[in-house]
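Peer 1: One letter stands for each residue in the lines below.
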Amino acid sequence: MGPIKGRVEGRDIDQPALRARLGATLETARQELIASTERGEGGREALARYSDAVDEAVRDLVDAARTHTSTPIAVCALGGYGRRALSLHSDIDLLLLFGAPIGRPEERFVKALLHPLWDLRFTVGHHVRELADFDRLETDNPEFLLALTDLRPLAGDRELAGRFDAVLQGSSRQWHPQILEALVVLTDDRHSQFHDTLYQLEPDVKEGPGALRDIWATRTILKLGGDRRRAPRNEPADRLSDAEEFLMRIRSGLHLDMGRNLNVLSYELQEKAAERLHYADPDARRRAEALMTDYFKHARSVTRALGRVRRAALPPTPTPIRLIGENLMWVVEGITFANAAKAAASPASWIALFDAAVSRNVPAADDALALIEREQETHHYRPDAFHPTNDHRQRIVQFLRPRPGLSARLSEMRDCGLLGAIFLEFNEISCKVTRDFYHKYSVDEHTLLTVRNVERLMNHPRFGPVLRELRRPEVLVLTLLYHDVGKAREGNHSEVGAEMAAVMMDRLGLDNEDRQMVDFLIRNHLKMSRIAFRRDTEEPEVVKQFASLLNTEEHLKMLFLLTLADVGAVSAETLTPWKEELLWRLYVDAYNQMTLGYGDEIIDRKEALVAALQASRPDDISESEMATFLEGLPRRYLILFTPDAIYRHVRLSRNISPNEAHFFLEKKADAWELTVVSLDKPFLFSNICGVLSYFGMDILRGHALTSLSGLVLDVFQFSDREKFFERNSQAREQFDKRLTDVMSGKNDVTALLTGKEQSVLFRRGPARRAPVIYFDDEHSRRYTILELVAEDAPGLLHRISRVISEHGIDVDLVLISTEGQKAIDVFHITRGGAKLSEDAKAALKADLERMLKESA
Amino acid sequence: MKLIKAIVRPNMVDNIKEALGKLNIAGMTVTEVRGHGRQKGHTAVYRGREYEVSLLPKMEIEVVVPDNSVDEAIKAIIGAARTGEIGDGRVFVMPVEQGYNIRTGEKDVV
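In order, the protein sequence lines correspond to chains S and H. Take 550 as the starting number for the first sequence in the working numbering and just add one per residue. Take -10 as the starting number for the second sequence in the working numbering and just add one per residue.
No lab work stands behind these hints: they were computed from the structure. Computed from a prediction, not measured in an experiment: that's the story for all the values here. Be aware that a few hints might be false.
As the list claims (entries may be wrong) - Derived pair list, reagent style SDA-like, types lysine to any residue, alpha-carbon separation capped at 25 angstroms:
| id | chain 1 | residue 1 | chain 2 | residue 2 |
| --- | --- | --- | --- | --- |
| 1 | H | Lys64 | S | Glu1087 |
| 2 | S | Lys1402 | H | Glu39 |
| 3 | S | Lys891 | S | Arg931 |
| 4 | H | Lys6 | S | Phe1082 |
| 5 | S | Lys1402 | H | Arg38 |
| 6 | S | Lys1128 | H | Val80 |
| 7 | S | Lys1093 | H | Gly37 |
| 8 | S | Lys1217 | S | Ala1194 |
To be verified - What follows is a set of in silico ranges between Cβ atoms, one per label pair, in the way DEER data are often shown:
| id | chain 1 | residue 1 | chain 2 | residue 2 | range |
| --- | --- | --- | --- | --- | --- |
| 9 | S | Asn1100 | H | Gln87 | 54 to 60 angstroms |
| 10 | S | Ser1258 | H | Ile75 | 41 to 47 angstroms |
| 11 | H | Lys96 | S | Glu751 | 29 to 35 angstroms |
Glycine is no exception: its CB is placed at the ideal position from the N, C-alpha and C atoms.
Please put together the full structure from these sequences, using the hints given.
Peer 2: Now the structure itself:
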């Protein structure tokens, strides 16, 4: 209990003179506070000086009012006033405590104190109590109990104040836990009024999440002994103090500008506050953005501190501790390091902790986060420290595959500084604010929300399957982490972001396919929403133009999902069902254009891509050879293949005879690729598929394209399921011979496969979903398009294409893809040079259905 | 005063806003809506499976204009929103009895 300044009692007071004097003194104090605020210094010290001046006034008024009663009295400051943190228009909360029952004289005392305070323009929150009232706790008034934790005696009898202090201390075991509980409830209620997010465009600097009241709540929990298990280790008191100083200075400015006790940092006042706090950028908008960036940084560290002390204040729950991997334990708070010293010495092992946490969908434990934060702040590890080997680099990319809890773990990584240490460019958008009328969150928060949205898409009935079909979903998340990093620098953020991502991809050693995908997505991440929302997508030309941006269906799927995640993270209300519908329709139309409509778009020898191919043509290929090869191929061919691959195809097409196939086989990153050039003839496609099946290969994706001169180019990507190439030294020779023999007619691949197809190894259980066989005559002028979606099975493509050929049908274009257990094959077919009749379609469908049923 | 309510293609809103701006008609309310008129939606196919697109995304624009501006406002909207294809939308005109400015409390006099 601090000392209470004494005053001469029983003296007649000249009330008007006293009020005039106090009015003048307080006005001086107010002007001092205003001057400090204008200088941007309306923080803790300025508020304490002002509170001291108010103290003096209250003491004088208490002295003057003491003439009304001889009962012992103690007047105490509560709440913010108790903390000496009065702002210009703050309420002053007072406890008027009497040492005996309250009667008329005491009531007169109360009036004699309060009326002049009101006259002095104070809003007073007063609590009048007898000491005996505290024999029993006011458990139904948690706000009052809470206010008592900041109680500061101001005036009156020392002896009574001492007795009151003893009562409070004596019963603290009883009421501290209750206050703690009440504080948690009140805090949750308050946060819910702000939708539980600190990211407010116009934040309340007093009540908002991460604002002043959270700082006080954090301190109160610590004061009440909420650190039962341990004090939060890595939360220097300075961070809270820095945040408090920053917020107080802003709040002082708000009180000054608004002339009232209003604490909302509105859009208009942000620029003024930035100027007052000496933000230097010459541009007012940028000054405000910098202010808000700092605001979010402070609010975030306050939120983290409060979270930690709250968790530490929970009663400890006995829990089994499990070792779950190298130096990792699963404890009640989540995943932590078994040996802290070992972990501290090995930054490359930290990502494993978060991976283990995502796998179990539990948090990383506070002490592990604190260790990482401390070590990173001490050593400033560069990205290489986290991925010294190629294996580490791959693990980091793999970690990003979408799973429940990934975004929450990424948030923890961001908060402890690890995310920005591994992905340096991400650090540049930490708490970065862009002032526009639609983004509600800072850039890094928006970015992590996009990852959360991807997690949510996994279970979406319409979009989930698209996500599950992605070959490298982790590349989508990696792209999302970088899609807006360009906002940290000058220039078009899509272009700048792609350049920043290229540096990261160099560090992580991504292969060309991933690099090209990330680059494409970042550069084009706004295109799909702009077209869907602002262009007439019912116009086929609009869809065609959009589809022409995209190399493959994988690009379309990635861009579609990225767009959904990005728009949905702008604010909770942005991605309406209406916008979802527009995006979905554009996706479907573009998908159909790419898979069904591309056959009519034939290469024009005058187009730019052809000119470029001719210009860089190697010496051994003549202009006419190049032109002849390309004639009649769909335009898509030029997009699907690199110039080098095209020149290779031209060379393969030389001197080919009807029973010959020229081909080459090469190992790509995760699969093999077979390229075959031959002259068109019945069962050609089916035979090649048959040979692949014969060697146990799973066809993953591929294309068949036919030129006007009857040249057929087939490209298959497949996985070597039975490790034929790996285990047999003569495998390449055997494969080449078999394919040559089948193409020349020496071997009948159907006969070769008969035994295999009847083997139990080949058999799969009954199909879980019925196949879909669909004919489309709308999307192409030249072709009937057969789209077939079925459960994948060994030899499936061979059997399908064989049935088609048995019907005397020509297959000009084929698009093959497998997505998980699903095979999606699109055939552009004709019979006798025309589209199929209804009868022909019905007969083909019946035979395909029969074949699929029999082979199930 | 009249309330003009136009149901238009989503991509036509900027055109309409610009066209009305030229007539000094500044205020408008724009709402995302879904519906169908004679266009009645259509069937789309994805991966061989049909799905019904019965309610099409449209934008609803509401503007309140003085009686003597109604005709040119309607002309401006139709001119800006028209493609000539089915699905261009509809314009409705309704009487408005009174209007007030909430900030000032003043009654609109037009």
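Peer 1: Report the numbers of all earlier hints that the structure fails to satisfy, in ascending order.
Peer 2: No numbers; nothing is violated.
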